[in-house]
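Chains as they are written, first to last, in our numbering: chain A, 145 to 331; chain B, 4 to 414; chain C, 33 to 180.
Hints listed in this document are in silico derivations from the structure and should not be mistaken for laboratory results.
We put the beta carbon where it would ideally sit given N, CA and C, even for glycine.
Among these hints, one or two may not hold up.
[Said to hold, decoys possible] Far from chain A by the CB rule (all over 10 Å, computed), these chain B residues:
1. V15
2. L96
3. F147
4. K231
5. M267
6. E283
7. I286
8. L287
9. N322
10. K354
11. S371
12. K380
13. A384
14. G389
15. Y390
16. F408
[To be verified] In silico DSS-like cross-links for lysine-lysine, where the CA-CA straight-line distance does not exceed 27 Å:
17. B:K299 - A:K207
18. B:K380 - A:K310
19. B:K354 - B:K412
20. A:K245 - A:K259
21. B:K405 - A:K207
22. B:K231 - C:K45
23. A:K306 - B:K7
24. B:K405 - A:K232
25. A:K207 - B:K376
26. B:K192 - A:K306
27. A:K174 - B:K290
28. A:K310 - B:K7
29. A:K305 - B:K236
30. A:K207 - B:K380
31. B:K192 - A:K174
32. B:K192 - A:K305
33. A:K232 - B:K290
34. B:K405 - A:K174
35. A:K174 - B:K254
36. A:K207 - B:K231
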Amino acid sequence: MVEIRWHSRAGQGAVTGAKGLGDVVSTTGKQVQAFALYGSAKRGAAMRAYNRIDDTQIINHEKFMLPDYVLVIDPALAFTDNITDNDKPSTKYIITTHLSKEELIAQIPTLQDKKDRVFVVDCMEISLSTIGRAIPNTPMLGAFVKISKMFELDYFLERMKKVLSKFPQKIIDSNMEAITRAYNEVN
Amino acid sequence: MAEKYDVQEVEVWDGNYAAAHALRQAQIDVVAAYPITPSTPIVENYGQFVANGYVDGEFVMVESEHAAMSGCVGAAAAGGRVATATSSQGFALMCEVLYQASGMRLPIVLNVVNRALASPLNVRGDHSDMYLGRDSGWIQLDAFNAQEAYDLNLCAFRIGEHLSVRLPVMVHQDGFVTSHTAQNVNPLKDEDAYAFVGDFVPHEEMLDFSRPVTYGAQTEEDWHFEHKAKQHKALMDSRAIIDEVFADFEKKTGRAYKRVESYMIEDAEVAIVALGTTVETCILAAKQLREEEGIKVGVVSPRCFRPFPFDKIREALENVNAICCLDRSSPGGAMGALFNEVSAALYSTQKRPLVTNYIYGLGGRDFSIAEAKRIMKEQKAHADAGYITTEIQQFSGLRGPKLGFFETKRR
Amino acid sequence: MQGVCATDKRGSKELGSEELVGWDEVMQGVVVNSFEGDATDIARQKAEERNYSEFSSYTATVASWRVIKPVYNRDICIDCQNCWVWCPDTSIVSRDKQMLGIDYDHCKGCQVCVEVCPTNPKSLLMFAEHEDLDKALAQWPQKEKKEK
């Protein structure tokens, strides 16, 4: 079982990202779960979304998890939210930031003993310059594919095209570019 | 003619979307709805299916849930296949009309996405609304995940519309935990789903002008009791049809449903009885506990909450030593409903197992595997002692001083 | 079977006189049919031509509820249909917009028809239930003069 926790603001697409990831993963024959803790939350409120991935049907419905991956798609949440909640010695962090990895870790005490498990990528800049809007969820998927080694990039892009097939070609193309750039730039 | 929707063999759908697709595939004549969280996406998506030509029926936006169910009653009496969805406060507002629907023997399908009842206002999942519908004369089926929400909707039409049943059916799923959690779902193709549900067969429909009928008659003390008794018997007798439809569904899909679901119960010494997603969480906990500590735990759930499977609950649990019934609804000055009903069923067995009650998860409070295991181990302690060692009703996941009520008199 | 346009069926049984059967014999959902046989053309038939079922209130009588009754005076009536519109029990019988009289099987003596009658003197007046119709008509009041 792989467990993923997304830290996001309502409206940034963490739920869509989690579901999109679920869609792609399901095409590989695996079982997925994608959910979020929201409800009355309004646009801009800090929220969390979750994925579970397994080979057999997922019957665990608790919200609690020990994440294998923590994906932070809003730059400020790395500072204001407890992104290291319930982590494991192996938990990997992918954090959206314009800072370098060293600059970021220097400012966040809880990350200092996890240097080798922290990865950074500027999903905000990537989404603004490719998609034209601050929707950092798709670039985060590209970064996740790279760090998790769960899929080959080309395979993931092909599957993602199918998930996005109801959108105009221009939007599909820009999303593909965002995923590819994040895949290449995450470090 | 409605357009065919191209469903994949495996979809990643949440419970709401799965239910909306099942409604679409059943080709309903009238959906009258007033959306409410967390059931909103069911009718929202259904409305989109209608607008995009995937459904031939009517979608009626009304001014309240009372009107939504009233519209459903009217349309069902007129002779159409009818469904809607609601939650919580909306369900409460529908309540008056729920009794009308069942009393008039109208096979409406109502998706209830379970949510807490105010006050205090809360949008998240517990079973307060499901319990509120307990005496309304509806068949109540309970889904534990999105796949089941889809499957049980298809079954619900078959069961309710069966001419020897002719009763309305609720399909319950947990708010957010099922309704907003996307999981793998294997839907049927449109034509297969419709073939399973079948054409709607009108019965005593108001729009048959060759034989006009009156719905909603008044009966006083000289007739009312006989009508209610007949209705109750129909609900009790629906058990056989539910079994039949579930068996047919299994033949079609390989997915088996039973009025009482039981897991690892054959050799179980202790058991948990629960509803909704908690059932699956408990299965996982029971498996872990069997591996880790060798405690033989089983899990039992009334898939069909109404008609209450008194017989099957007894069969499933009579050889277990200690049982905990988990109730996800504030019991309002009583023991939890599941505790009461399971205890009543077990009272007429030889062994009369020890039964305790936990109130848990109100307003969407998380129920963890760790907590499930703790409760299971507590049952093991009761079983080993031979009596209930704690208070009979306790509270799980509640902050503050320990709360509990009543001690056993059987030691 | 009292009053104008009465048939053998109209008001043929006292309301509540039906046989009390057990739960196994009552009809499902209390869905009651109003007519015997095919009723496709029912909208074009007059009440006295329709084949009402025993579940229709047409076949029941509530005449015994009444202690005072309206009496109709054809000589004064202007066929305005006001009483027909207002009667809560469809007990004013009118055909081709001409007032014919009262269905005494279903009239409960509420007096609404008298209240809404616009003629002077009124074309409908209340009398004791036992009063003979001819005697009632014989004591009809004169036109009231308006006071200036």
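Checked hints:
For V15 (chain B), the non-interface assignment is contradicted: its Cβ lies about 5 Å from the closest Cβ of chain A, within the 10 Å cut-off. Here L96 (chain B) stays apart from chain A, with its beta-carbon at least about 20 Å from theirs, past the 10 Å limit. Listed as outside the interface, F147 (chain B) is inconsistent with that label: its C-beta sits roughly 8 Å from the nearest C-beta of chain A, within the 10 Å cut-off. Once the 10 Å rule is applied to beta carbons, K231 (chain B) is consistent with being away from chain A; the minimum gap is 38 Å.
Look at M267 (chain B): its CB is around 13 Å from the nearest CB on chain A, clear of 10 Å, so calling it non-interface holds up. For E283 (chain B), the shortest C-beta to C-beta distance to chain A comes to about 4 Å, within the 10 Å cut-off, and the non-interface label is violated. Not every CB of chain A is more than 10 Å from the CB of I286 (chain B) (nearest about 6 Å), against its label as outside the interface. Once the 10 Å rule is applied to beta carbons, L287 (chain B) is inconsistent with being away from chain A; the minimum gap is 5 Å.
Residue-level check passed: N322 (chain B) sits 25 Å from the nearest beta carbon of chain A, beyond 10 Å. Chain A leaves K354 (chain B) outside its interface by the beta-carbon criterion, the shortest separation being 29 Å against a cut-off of 10 Å. Not every CB of chain A lies more than 10 Å from the CB of S371 (chain B), the least distance being 5 Å, so the non-interface label is violated. For K380 (chain B), the shortest C-beta to C-beta distance to chain A comes to about 17 Å, beyond the 10 Å cut-off, and the non-interface label holds.
Against chain A, the non-interface label of A384 (chain B) holds: every CB pair exceeds 10 Å, the least being about 23 Å. Residue placement check: G389 (chain B) keeps its beta carbon more than 10 Å from all beta carbons of chain A (closest about 32 Å). Look at Y390 (chain B): its CB is around 31 Å from the nearest CB on chain A, clear of 10 Å, so calling it non-interface holds up. In this structure F408 (chain B) is separated from chain A by more than 10 Å, as the shortest Cβ-Cβ distance comes to about 27 Å.
For a cut-off of 27 Å, the pair hint linking K299 (chain B) to K207 (chain A) stands: about 26 Å separates their Cα positions. Between K380 (chain B) and K310 (chain A) the alpha-carbon distance is near 50 Å, which puts this suggested pair outside the 27 Å criterion. Between K354 (chain B) and K412 (chain B) the CA atoms are separated by roughly 16 Å; this keeps the pair inside 27 Å, and the hint holds. With a C-alpha separation of about 8 Å, the suggested pair K245 (chain A) and K259 (chain A) falls inside the 27 Å cut-off, and the hint holds.
Taking the CA atoms of K405 (chain B) and K207 (chain A), the gap is near 24 Å; set against the 27 Å cutoff, the hint holds. Restraint check for K231 (chain B) and K45 (chain C): satisfied, since their Cα atoms lie roughly 26 Å apart, inside the 27 Å limit. Between K306 (chain A) and K7 (chain B), the direct Cα distance comes to roughly 19 Å. Compliance with the 27 Å bound is thereby established for this hinted pair. Distance check on the hinted pair: K405 (chain B) and K232 (chain A) sit about 31 Å apart at the alpha-carbon level, beyond 27 Å; violated.
Distance hint between K207 (chain A) and K376 (chain B) is fulfilled; the C-alpha atoms sit about 16 Å from each other, no more than 27 Å. Only pairs whose Cα atoms come within 27 Å are accepted, and K192 (chain B) paired with K306 (chain A) is accepted, the gap being roughly 19 Å. With a C-alpha separation of about 21 Å, the suggested pair K174 (chain A) and K290 (chain B) falls inside the 27 Å cut-off, and the hint holds. This hinted pair checks out: K310 (chain A) and K7 (chain B) have alpha carbons roughly 16 Å apart, not beyond 27 Å.
Of the supplied pair hints, the one linking K305 (chain A) and K236 (chain B) is violated, its CA atoms being roughly 54 Å apart against a limit of 27 Å. For the given pair, K207 (chain A) sits about 22 Å from K380 (chain B) by alpha-carbon distance, which is consistent with the 27 Å threshold. Between K192 (chain B) and K174 (chain A) the CA atoms are separated by roughly 21 Å; this keeps the pair inside 27 Å, and the hint holds. Taking the CA atoms of K192 (chain B) and K305 (chain A), the gap is near 23 Å; set against the 27 Å cutoff, the hint holds.
A distance of roughly 23 Å separates the Cα atoms of K232 (chain A) and K290 (chain B); the hinted pair therefore holds under the 27 Å criterion. Using a Cα cut-off of 27 Å, the hinted pair K405 (chain B) and K174 (chain A) is violated, with the two alpha carbons roughly 42 Å apart. Using a Cα cut-off of 27 Å, the hinted pair K174 (chain A) and K254 (chain B) holds, with the two alpha carbons roughly 25 Å apart. The suggested pairing of K207 (chain A) with K231 (chain B) is violated, with an alpha-carbon distance near 43 Å, which exceeds 27 Å.
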